[in-house]
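Enquirer: Respectively, the protein sequence lines represent chains A and B. Here the first sequence stands for residues 4 to 392, numbered as in the working numbering. Here the second sequence stands for residues 348 to 810, numbered as in the working numbering.
Do not rely on the hints blindly, as some may be mistaken.
Derived DSS-like pairs: lysine-lysine, alpha-carbon spacing no greater than 30 Å straight-line [to be verified]:
#1 A/K7 / B/K650
#2 B/K407 / A/K122
#3 A/K359 / B/K717
#4 B/K650 / A/K20
#5 B/K407 / A/K363
#6 B/K617 / A/K68
#7 A/K224 / B/K702
#8 A/K103 / B/K729
#9 A/K228 / B/K650
#10 A/K101 / B/K686
#11 A/K115 / B/K677
#12 B/K686 / A/K212
#13 A/K35 / B/K650
#14 B/K415 / A/K341
#15 B/K491 / A/K341
#16 A/K122 / B/K717
#17 A/K140 / B/K702
Pair ranges (Cβ atoms, derived) [unchecked claim]:
#18 B/G503 / A/K183: 38 to 44 Å
#19 A/D221 / B/S762: 36 to 42 Å
#20 A/E88 / B/Q603: 47 to 53 Å
#21 B/H714 / A/L126: 26 to 32 Å
#22 A/R200 / B/H714: 19 to 25 Å
#23 A/Q271 / B/F634: 41 to 47 Å
#24 A/E100 / B/H714: 24 to 30 Å
#25 B/G503 / A/K35: 37 to 43 Å
The following residues of chain A were derived to be distant from chain B, with all beta-carbon distances above 10 Å [stated by the list, open to error]:
#26 W149
#27 S210
#28 K224
#29 A256
Worth flagging that the hints you see were computed from the coordinates, not collected in a lab. Every residue gets a Cβ at the ideal spot worked out from N, C-alpha and C, and that includes glycine.
Here is how the chains run, residue by residue.
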Amino acid sequence: MLSKDLLRYSLKEGHFKPFLLSSQPKWLAKAKEILDLYQNSIGLSQEELTESCLKHSSSVGINTKIIRGFIHLLDKKVELHEVNEEGYQEHRQACFEKSKSLFQGDHELTFKHFSEELKSLSLCPDYPSLYGDLAHKRRIKSVPQWQSITLIHRYNLALCQGLIQNAQWVHLSITKITAKKLSYLIRYLNFFGLLFRCQEQKGYAVSLKIEGHLTLFDAPKKYQKRIAALVGILPQLDDFHLKAELLIDQKKALFQLEPEQGLRSHFQAFSDYIPDEIKLFAQNMTEAMNNMGFEPTPAPEQTGPVSDWVIPDFCWQKDSQKVYVEIFQNNQASMLQKRLRQKPWKKEESFLLIEKALFKKMNLEENIHLMSYSSIPSTQKLLKALKNS
Amino acid sequence: MNTPPIFSFDRGSLVTASKEWNVEVESCAGAKFKYDERTQEYRALAMDYGPIVLALHRNKIPYCDEAKQFSPQPFTLRNSHPPRPYQQEALVAWKKAKSKGCIILPTGSGKSFVALLAIEHIKRNTLIIVPTLDLMSQWAVIIKNAFGFEPGLWGGGEKSTAPITISTYDSAAIHMEHLGHHFGLLIADECHHLPGPTYQWCAKMCIAPYRLGLSATPERSDGGEIILQELMGPICYTASIQDLRGEYLSEYQTHQIEVPLEEKELQEYKDARKIYSQFLRDEHIDFSGGAGSWQDFLGICFKSEAGRKAYKAWRTQKEIMRSSNSKLQKLWELIVQHKHSRIIIFTDDNATAYKIGETFCLPVITHQTKMKERKAFMEAFKDGTFPYLVTSKVLNEGVDVPEANIGIVVSGSGSVREHVQRLGRILRKSQSGSALLYELISEGTSEFFQSKRRRKHQAYKNR
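Can you make the complete structure from the sequences, with help from the hints?
Expert: Given below as structure tokens:
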């Protein structure tokens, strides 16, 4: 996301509007010019490359903020040549010795002669400067191979994220979402330690106020970065409307994002924010369930208020027999507490797997529907419970 | 009969389910809680754990505490020496403040030892938060020597928790959300950093009922001292450099040296200054409390060719002021003059630090220095193998350089706190007698005003 000094926006009629770059030939050409400078920068230092990009921007009259935004995104993907750090350290040590004996020796050298003497003593072709291994002096080895349009899309997304970082509050409305997709969204929010408050709901049209646990105590800043990261996955929702109130340079105004603005996401699918151990469990369990004649099935339809929805992580069906499995990790205490107060489907169909530390913390007792796991949820334990139920 | 409420820790807060909430809890601790409709729980800041539990206990209201994950620990100081009188007074004052408060002692007077005494007294899992990785390493050695075990570390790629854990402020701000219930005592070293908008959550998300803030310079320009007292407790003991110098701190002198610029540099400085000042006038930017801020200046700079020139001119004049040839020569003369002393050289920026390092082949410590080399440089400096060290800002605070008795400020900001902290680096009592702090100022430049601003402290009066 772009830092505050790189944000480009207008403030009109109570709204902040981002200066998004369009995919018109003019901008594609500008992006290409910068990408070309990067392509030709192999062997330069990052400092030199930045300098040449800024020089270019002033010669062709592009707003420096845009160029610096491009640089910000590209620099993160630049790979630098490895340097012999140990060699540099040994070289420095040797130079320090020489310097010390020169400083402490008895001589009548002037400053000029002292400097020259020291320079000649520390000269070494392998190490052109004493601190040549510092990142800003290292040479560029490879640069990202992006198309112009990729750079523009990434820039636009980073700009919106940068703006959202100044949000006082954020509402996300989705007019059409499936239960499964919503469950992924809620899991994603939980993954990043965020909560939501349902503002409005009509069937599958929901409006969520995205917050953090401590937002109650006037801590909007604490969660701004996490909420801004959410912007990266918005384009993956087919239909969304994000509304926020931003406070920038003591000016407060609204900010809106909608699919029409053409944001593109390069982020991994938000449904993939599932820890590896759960993925492994899911893979093994699906295989075992298939062997028993069960097929994966969509999450059951929900009708009540979204804050009361219970959406299982995994659902399988064989004829009229259904199996719902929910997994709760250690950091999902409040979600589990809430879940234990709800009973939306038949008990015999529902299995809750809870990470051991959380299980212990909540003083729960094991039974065939309530099981603990220590590192990876056990398929065998679950299959045994299934058979017994 | 009410079911006793169960308190648990949830992402930096203390929660209890709404069904367990009752009138008795409401009457004695209700003010600290807010109802959270998102999770249907009552939620309070973790830092209110102490007062809440105390209130319930006093009123004999039953409750179940599932939040607390700390326990009594057999902490006993090894090879302890008796505290100095002022250290003893500070500890007594802190205990009297119900083991929650800040102690203000000058650098080099042994704040860490007071903290060790506090840890031994409380005997509960402890978290020490520090502003830099250097300080974290230093504290790790102190804890190991004092209690005989390795502390846990959060920061610099480390994440291990032990009965005593040391963390940087940055790491604590991240991890406290998950681990804030594991500590009974929270110690904030250089606690003047704590009121910052991000760092204050380190203290808010921790349940530790016992808290100790340590600083030499608690004053903040934004008035954050009040927030500090809310987070860590009141200032319960203060001693100044003047109170302790002579007997417990080195005697010291400070020298301001105005260094004239070489003719060519002076001309270059004047030219750059002219372009920069003219641009400020043209754009009606006034940094002295008038219209415009540094951000405005930057914003305008990048909009036009004239702006870019002004920005370049600003950088040029700054660079000349900070590291002119004459300054380098004067620095060389001072090193030669004190060649058998331990000399620590401070700069305002990394570029100047590395320029000095490259010119004189001296070790430089900045945030870019790798941990291994940083440790080697510090050890070489401490044992005298290499008695000169250049640094920008990372050694300004806290880091113990006991043998340093000469400080040379080649460049610095206008911050009083920074300047006092830098002076503190050379005040630790050692056998080398009086300490000297030199301040190099480029004559006829705006550095003069910067120097004037940063010397507005008692420690520099009549010196």
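Enquirer: All hints, please: hold or fail.
Expert: For each hint, the structure was consulted:
no.	hint	result
1	A/K7 / B/K650	holds, 16 Å
2	B/K407 / A/K122	violated, 77 Å
3	A/K359 / B/K717	violated, 39 Å
4	B/K650 / A/K20	holds, 19 Å
5	B/K407 / A/K363	holds, 27 Å
6	B/K617 / A/K68	holds, 29 Å
7	A/K224 / B/K702	violated, 38 Å
8	A/K103 / B/K729	holds, 15 Å
9	A/K228 / B/K650	holds, 28 Å
10	A/K101 / B/K686	holds, 14 Å
11	A/K115 / B/K677	holds, 12 Å
12	B/K686 / A/K212	violated, 64 Å
13	A/K35 / B/K650	holds, 22 Å
14	B/K415 / A/K341	holds, 22 Å
15	B/K491 / A/K341	violated, 44 Å
16	A/K122 / B/K717	holds, 25 Å
17	A/K140 / B/K702	holds, 13 Å
18	B/G503 / A/K183: 38 to 44 Å	holds, 41 Å
19	A/D221 / B/S762: 36 to 42 Å	violated, 29 Å
20	A/E88 / B/Q603: 47 to 53 Å	violated, 39 Å
21	B/H714 / A/L126: 26 to 32 Å	holds, 28 Å
22	A/R200 / B/H714: 19 to 25 Å	violated, 40 Å
23	A/Q271 / B/F634: 41 to 47 Å	holds, 45 Å
24	A/E100 / B/H714: 24 to 30 Å	holds, 26 Å
25	B/G503 / A/K35: 37 to 43 Å	holds, 40 Å
26	W149	holds, 24 Å
27	S210	holds, 14 Å
28	K224	violated, 6 Å
29	A256	holds, 18 Å
Comparing the model with each numbered hint stated earlier shows that hints 2, 3, 7, 12, 15, 19, 20, 22, 28 do not hold.
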